[in-house]
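Asker: Here the protein sequences come in this chain order: A and B.
Read the first sequence against my numbering and you will find it ends at 300, with the numbers running on by one and no gaps.
Read the second sequence against my numbering and you will find it ends at 366, with the numbers running on by one and no gaps.
Rather than coming from a laboratory, the hints here were simulated on the basis of the structure.
It is possible that part of the hints are untrue.
Per the computed footprint, the stretches of chain B lying under chain A, defined by three or more beta-carbons under 8 Å from a beta-carbon of chain A, are [what the hints assert, rightly or not]:
1. 38-47
2. 57-71
3. 89-99
4. 116-125
5. 211-218
Restricting the straight-line Cα-Cα distance to at most 16 Å, the calculated cross-link-like pairs of lysine to aspartate or glutamate (EDC-like) are [claimed, not checked]:
6. K38(B) x E243(A)
7. K52(A) x E42(A)
8. K236(A) x E282(B)
9. K52(A) x E35(A)
10. K236(A) x E200(A)
11. K52(A) x E200(A)
Keep in mind it's a predicted model, so treat the numbers as computed, not measured.
Ideal placement from N, C-alpha and C gives every residue a C-beta, glycine not left out.
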Amino acid sequence: MNPVSNHKLKSTPTRKKRRGSFIERTLSTLIRKTERALFAEELARKEGFLQKLDPRVKIIGLLALILDATLARNFFTIIFIFAIAVLLAIVSHVPLRTLAVRTWLSVLTFTGTIALPVIFITPGDALFRLPLLGWTITAQGVTSALYLLLRVETTVTLSLLLVLCTLWTHVLKGLRVLGVPVVFVVILGMTYRYIFVMLETARNMFEARQSRLIGSLDARESRRIAAASIGVLLTKSFYLNTEVFMAMQSRGFRGEVYTLDDFMMRGRDWLALAAFLLLALAGFWFGRQDSLQSFVNLHF
Amino acid sequence: MHIPDGYLSPVTCAVLYAAAAPFWAIALRRVKRLLNTKLVPLLSLFAAFSFVIMMFNIPLPGGTTGHAVGVGIATIVLGPWGSMLAISVALLIQALFFGDGGITAFGANCFNMAIVGSLVANAVYRTIGRGAAITSTRRVVAASLAGYAAINAAAFCASIEFGIQPLLFHDASGAPLYAPYPLSIAVPAMMIGHLTFAGLAELITAGGVVAYLQRSDSSLLKLTAPDAPDENSIEKSGWRVTRPLWIGLAALMILTPLGLLAAGTAWGEWSAEDFNDPAGREQIANASRNQSPPDAPPEGLVRLSSVWTAPIPDYAPPFMNSAEFGYIMSAMFGTGLIIAVFLLGGWIAGLINRGSKNAPPETGNN
């Protein structure tokens, strides 16, 4: 995993002339992905609240809150859980700006676009009529759109906290606690490692192609190159598989997997676990109440 | 296609986890038996491969790009069970380490893309590619259609999952709690997008990669088709492979006069004259649970029926006296016309293929 900041594509002169070719676009996707993983790894090594917790507590606690947010049947509970998520982000040194731009805004644009028509088409009590178009906004429609948006914002923030504040090796070990079979955990771990090898290989392939390219590719040729690159990557992954397998065998791998479980629950972890479970129970309890109803019904 | 958390109710998620679990268990057992100790590195490498090709921007017609899941090519190389596991692992890594796709919705995502996708891709690839040589064009067509069908089947499952949410889960005022669109909107919205554009990314990936592997490393294609014949033997036995199909076609042509045995008219295939003719009107009423037809033929039917007059009306050429013989003649003529169109299409495709074979071979390597 090399630092990739010096590979920024923005300075490529062709970029100014036309919308990047599919090679450039793929390259920037690959680089963005690697950068995000590096960012997460950097954050996971910081000394924040979540980072210091035992990964098992973190996984159980955050999953319980995610489940609460999906179960809740009123806005207050979801907003309450969202507030907890923001608080956790602050005490864990997750920059709120990054969270806002990268997560909240992108969810707002994507899910918001999906949710927008709902406010008009859901049958129910009319709230407002658009002056020119004559479309009616219904209370049920607004409620439904808000449910979707709030829920997605909250759960995405919580799962991102897990991603950003836990070293991936710790997530893997934590998964064992949730009863994931050890062979899966090992496969996950190896996959994660080789993802970066493959990302690097793919980047090299596309950079090599891009550096030999003059002018623009036509659509047919682009598709041929895309398919051929995937084919090459496939062949390479098979070669790599043979090599990795031989390396594993030469080190005595016989199909059984052993992991070192060296987590220690300390006082702080028990406290945090209790707090998480208490919050989750409270969220579950209040989330079940239909009586709190929606903002819309209270306000209109 | 990666469903995030919050779109599906926890109950739906739980049901889909439960639906996916037996497939995972069977897949793990089958793949383990085949690979033994090789299982861990092979699945890891292939999951990493699947993960990375999900990032590729595949150029689509019209200058846009789209992303493929890779379930088509994974199924073709690894078989359905291996592909199921590899794609599931790739999806889990996306959800857990990169925050793409929900954690509670992970079961749903796996069910749609990894499980349904792999099974559909396998069925299509096997059916169309059956008996074809490893390097035949039919395998490329089979792979393309397998990828396309797989991703559309996955999208269809996802749209059903979305569509049942407002039916099952809403608050006291009737406002949907999760994905808000009913089936009547969710299914067409998802399917139009996937049938036209998103499906093409998978089609191009699966077909293109198989075509590439045929040129460069056909041993990878042999893994799931070990008994595929060689190019030469298939050429000699072309008749033998398709003989049952030709015999079936001939039998169907001879049997066409059976259509004369059917009483009345085919429901909904009425002509404008049937509405004016008392006997015709009675038949329409009989076929429509005694619902009497409108007094006059529908205006549009009258207007459009004069646009095109068929050369062989009602399958009986006017100069022919025997209805049975007229049926058989019509069947032979129609079938011959269809075969001619396909032969012409094949000839044109062959010409285009020959043109592209002259182009320098593509390696995509550095």
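Asker: Now tell me if each hint is right for this structure.
Answerer: Hint-by-hint comparison with the structure:
1. For a cut-off of 8 Å, the count of residues in the segment 38-47 of chain B with a CB near a CB of chain A stands at 10, and the three-residue condition holds.
2. Given a C-beta distance limit of less than 8 Å, the hint that chain A covers the segment 57-71 of chain B holds, as 7 residues qualify and 3 suffice.
3. Requiring three or more residues with a Cβ within less than 8 Å of a Cβ of chain A, the coverage given for the segment 89-99 of chain B holds, as 9 such residues are present.
4. With a threshold of 8 Å between beta carbons, the proposed coverage of the segment 116-125 of chain B by chain A is violated, since 0 of its residues qualify and at least three are required.
5. Here the segment 211-218 of chain B counts 5 residues with a CB under 8 Å from a CB of chain A, which clears the bar of 3, and the coverage holds.
6. Proposed proximity of K38(B) and E243(A) is supported: the alpha carbons are some 11 Å apart, at most 16 Å.
7. Proximity of K52(A) to E42(A) is assessed by CA-CA distance (about 14 Å); at most 16 Å being required, the pair is judged to hold.
8. Between the alpha carbons of K236(A) and E282(B) the distance comes to roughly 71 Å, so the proposed pair goes past 16 Å and is violated.
9. Among the hinted pairs, K52(A) with E35(A) is inconsistent with the structure: their alpha-carbon atoms are about 23 Å apart, more than 16 Å.
10. With a CA separation close to 12 Å, the supplied pair K236(A) and E200(A) stays within the 16 Å bound.
11. Annotation: proposed proximity of K52(A) to E200(A) is violated, straight-line Cα distance about 31 Å (limit 16 Å).
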